[in-house]
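Asker: Construct the complete structure from the given sequences, taking the supplied hints into account.
Letter by letter, the sequence shown follows residues 99 to 177 in the numbering used here.
Simulated from the structure, these hints should not be mistaken for lab results.
Don't take each hint at face value.
[Stated by the list, open to error] Derived PhoX-like pairs (lysine-lysine); straight-line CA-CA distance at most 20 Å:
id: 1; residue 1: Lys141; residue 2: Lys117
id: 2; residue 1: Lys117; residue 2: Lys158
id: 3; residue 1: Lys141; residue 2: Lys158
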Amino acid sequence: MIKPIIEFCVSNLASGAQKALEILERDPNLDIIEYGCLGYCGKCASTLYALVNGEVVTGKTPEDLVDNIYQYLEENPMF
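Answerer: Below you can see the structure in the form of structure tokens.
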């Protein structure tokens, strides 16, 4: 089974997304990856975000980001 890939920028983790990463890491159905930079510096400076299967998903708080990631995955199934 192919798992959804959730990618985080280390700078965004330091800005508050770390809590979202920790929540998502508990889900065995997701692959979580940390990168030094994802190249979305404008987004990174203004909001919490992650790439979900290559698409930007944002949130105002870590909990909001987690909710938005799960909502995105529901609305965009891989198969």
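Asker: Holds or violated: Lys117 and Lys158, Cα atoms, limit 20 Å.
Answerer: At roughly 13 Å apart (the allowed maximum being 20 Å), Lys158 and Lys117 satisfy the hint.
Asker: Could you grab the alpha-carbon distance between Lys141 and Lys158 and see if it respects the 20 Å cut-off?
Answerer: Between Lys141 and Lys158 the Cα gap is close to 12 Å, so the pair holds against 20 Å.
Asker: Between Lys141 and Lys117, does the CA-CA distance stay at or below 20 Å?
Answerer: 18 Å, holds
Comparing the model with each earlier hint shows no violations; every hint is respected.
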